[in-house]
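Chain by chain, the residues run as shown.
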Amino acid sequence: MRIDQTHRRWLWGSIIGLAVAGAIYIPYDYFTIGGARGGTIVGIVYGIIGFAFMIFAGLLSLRKRFPVWRMGRTSTWMRGHLWLGLLSYPIIFLHSGFSFGKGTLTWWMMVLFTIVIVSGIMGAILQHYLPKVMTRQIPYETIYAEIPRIRAQLLDEADVKVAEVTGVTMSESSMAAAAGDTGGVIVTLVQMEADVRDELTRFYSTEMRPFIEKQRGKGYSLAERSNSVAMFANLKTLLPQAIHPLVDDLESICEEKRELDKQIVLHRILHGWLFVHVPLSFALLLMGAMHAVIALRY
Amino acid sequence: MAGRKRTAKSLGQRHDLHYFQKWGRWRVLRAALMIAFPAIAGVWLLGYALHRDAAPYSSGPLSTVHSFTGKRCETCHAPVLKAGFVSVGFRKHVTDEACLTCHQAPEHQAALQTFTPTCASCHTEHIGSQHLRQTAAETCVQCHGDLKVKSGAPHYQSAIYNFEKKHPEFAPLRNHTRDAGTIKLNHAVHMRAGLLGPNSQPVQLQCQDCHRTPAEQHQPWKYGEPSVIEAALHSENPHSPMMPPETVHPGTGRAHMAAPSYATACQSCHALQFDRYFSESVPHDKPQVVHDFIVSKLTEYIKKHPDSLGVAPRPMRIMFGGTISREPQSAKIAHSAEEWVKLRTADAENLLWHKTCQQCHTLKYPQSDQNGLSGLPEVAPSNIKPVWLPNAIFSHYAHLSLDCKSCHTRTITSMETADVLIPSVGTCQECHNGEPTKIGQAQNGCFLCHQYHGWKQRSGPFTPTKSIDQVRGAYDGRGPSPVRRETATSIAKLFLH
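Order-wise, the sequence lines are chains V and U.
First residue of the first sequence? That's 1 in the numbering used here, and the numbers climb one at a time after it.
First residue of the second sequence? That's 1 in the numbering used here, and the numbers climb one at a time after it.
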């Protein structure tokens, strides 16, 4: 989610909320015997508010599970998640009297909370900048979960195109797909010298096909755009003019594969922090609930 | 061989429209982690719960004195409400009753205090190894910052915020109290350089030549006669009280100064010689003992020297600067040994009562009888006050490294016994001005000098109620013998309790 003008009210609300909480804290800490701590009335109030914000932030997951629920727009929930979740961190510090947790449970909670907040801030920054980068660098961005399927389609498409000129089938599935497209007949349109055909077949089978086939093309020559341009230009010099459109198509397929590879990398950066943020948040909420019950009891 | 055509429609058609129903590797992994992390936390807490160990929930480490309770939170965190043997209610806050099970805590100013704070409100637990006696100054200031009493006006200053702010001067100095001691002592003279000491040699007296703590009484004295000191230390003379036994603790018996005694501090310079025929002094004791000693000595002497009957008496006393003689009080010549003893005794006592003893002591003389003879004088009690602030906690041992005069600044100029020479509060504030963690500051919490609990009002000896097994948690006190808790029992109690 981009942090734009629509966040202004949330930003100011959070700043004002924090300022009010801080203003209350100063006299509270000064006049409280033994200093501010979680067990005082004001400390408990801070704790309740902070934990309520944490629960609200955690409810975003639930909200996303049920998108049809009429409980406010998901974007509003997302803004609330972002700002109230962030605000909960200083509020919890006010609750604890700026202690990082003297008990085992509270110490671990503060550790998890810090990781959750730091990962959340990192995520917010990434979510703000990376989508723009992806739009610019990956024109054919697709659904992440569909990348293997798209990659398979690209492979089939390349197999068919190569088979059209060489008569060499690389896989049955691609031929079957191609046969389906042409009404059951695969036609070789171009006649060429055997050594030229062999060169094309060698290039495709050793360089291009493995690159397309692999989920990540890292380590292959075609993974680098500059290498790819040079290799395809070289290939064109060896092949007759009539086949150059085919070579252009193959180069286009490689370009799309590179975009898919880049999308995988960027997607993992963009969403990888969630593997830390979300599970730890749930653990934190569970521990927070236990802490609240036990602390109020004892 | 058509070129690649990629329209929005063709691109869209590449996708499986039900892709979101599939569980990809990442989705599975994320879901697994979302379950795993809370599960790990839950199992961790459950593991402690099964062992009836509430340690993770502790709000902080216990103080060292309570660390023996270990994982037995219920030693202090007893149910607030009980109905018979069943615990009722959710809360298990520490109550005063729980503290008083093991501790004595006489109430503070019971007749005057407007409210009694709970034990836990002053003695904060779960903050580590700090001694629980070290209560925060705020706990005292909550009342003494604006002191109110149940009836009448407060006896103490009504607005004290901390040791530095509005703490009154110590009472003896604030009220210009005069020392009621009767021993005439001029500190200024005694601290003067070049003072004539034993054998007319110049000396420079140090404070510890006269003032020592009870524990240091047995160490060698610079101006005392060892044999006399030993005898004095084992007597019941009020000037040299019985010493407490030396213990391992280095500060025992070293908090306050013992009252200086003649045997340890004075006798080398202030000899009690009573007659030129005798080199020894009279004992530093009651007048009757002194009188008996003189009569005994003179009787013994005249038996050995009967020719001394015709010699006119001439009492004298040797001072450190030379010999000071007094003319004989009586020019009578004795005609018998008894008369000689009587006359010489009268002269010697005249010297002692009116000169030697009176130099330091206040003596009260009885009325002369019809023959002009008077009885033995009465020596006023010394009234040496060993502790001027009896309700405060202070230890000279804690201030061992300090030169006495740097605190007792008026000592070197004091010329009268009536001068109260304790340091002023300002002297203490020079060091005790803040947090000990800051350079140049010593702690200044109220607890350093003051006691909250009225320990003098303790009604009787404390009656303990717990065995070692109970406080250590080996026995819960409910069954006939120590019970080893089983896991199944623990689980059941976990849910029932």
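In case anyone wonders, no lab produced these hints; they're calculated from the structure.
Hints may be right or wrong, so weigh each one.
Unchecked claim - Calculated cross-link-like contacts (lysine to aspartate or glutamate; reagent style EDC-like; alpha-carbon spacing at most 16 Å): (1) U:K166 with U:E138; (2) U:K9 with V:E251; (3) U:K22 with V:D248; (4) U:K5 with V:D248; (5) U:K5 with V:D249; (6) U:K5 with V:E157; (7) U:K5 with V:E146; (8) U:K364 with U:E339; (9) U:K222 with U:D209; (10) V:K214 with V:E164; (11) U:K5 with V:E251; (12) U:K342 with U:D403; (13) V:K102 with U:E125.
Said to hold, decoys possible - Okay, the calculated bits of chain U under chain V, using three or more residues with CB under 8 Å as the criterion: (14) 120-132; (15) 453-460.
Claimed, not checked - Cβ-to-Cβ under 10 Å is the rule here; a few derived chain V residues that face chain U: (16) G103; (17) E146; (18) I150; (19) E157; (20) L286; (21) M287; (22) I294.
For glycine and all other residues, C-beta sits at the position ideal for the given N, C-alpha and C.
Cross-check of the supplied hints:
1. U:K166 with U:E138: Given that 16 Å is the threshold and the Cα spacing comes to 14 Å, the pair holds.
2. U:K9 with V:E251: 22 Å, violated
3. U:K22 with V:D248: Outside the cut-off at roughly 35 Å; violated.
4. U:K5 with V:D248: 12 Å, holds
5. U:K5 with V:D249: 10 Å, holds
6. U:K5 with V:E157: 12 Å, holds
7. U:K5 with V:E146: 20 Å, violated
8. U:K364 with U:E339: 26 Å, violated
9. U:K222 with U:D209: 6 Å, holds
10. V:K214 with V:E164: Not satisfied, since the Cα-Cα distance of roughly 23 Å exceeds 16 Å.
11. U:K5 with V:E251: 14 Å, holds
12. U:K342 with U:D403: 51 Å, violated
13. V:K102 with U:E125: Satisfied, since the Cα-Cα distance of roughly 12 Å is no more than 16 Å.
14. 120-132: Since 6 is at least three, the answer is holds.
15. 453-460: Our answer is that it is violated, as 0 residues pass the Cβ test (under 8 Å) against chain V, missing three.
16. G103: 4 Å, holds
17. E146: Interface hint status for E146 of chain V: holds (5 Å vs cutoff 10 Å).
18. I150: 6 Å, holds
19. E157: 8 Å, holds
20. L286: This interface hint holds because 5 Å falls under the 10 Å limit.
21. M287: At about 5 Å, which falls below the 10 Å cut-off, the nearest Cβ of chain U leaves the hint on M287 of chain V intact, so it holds.
22. I294: 4 Å, holds
Consistency note: the structure conflicts with the earlier hints numbered 2, 3, 7, 8, 10, 12 and 15.
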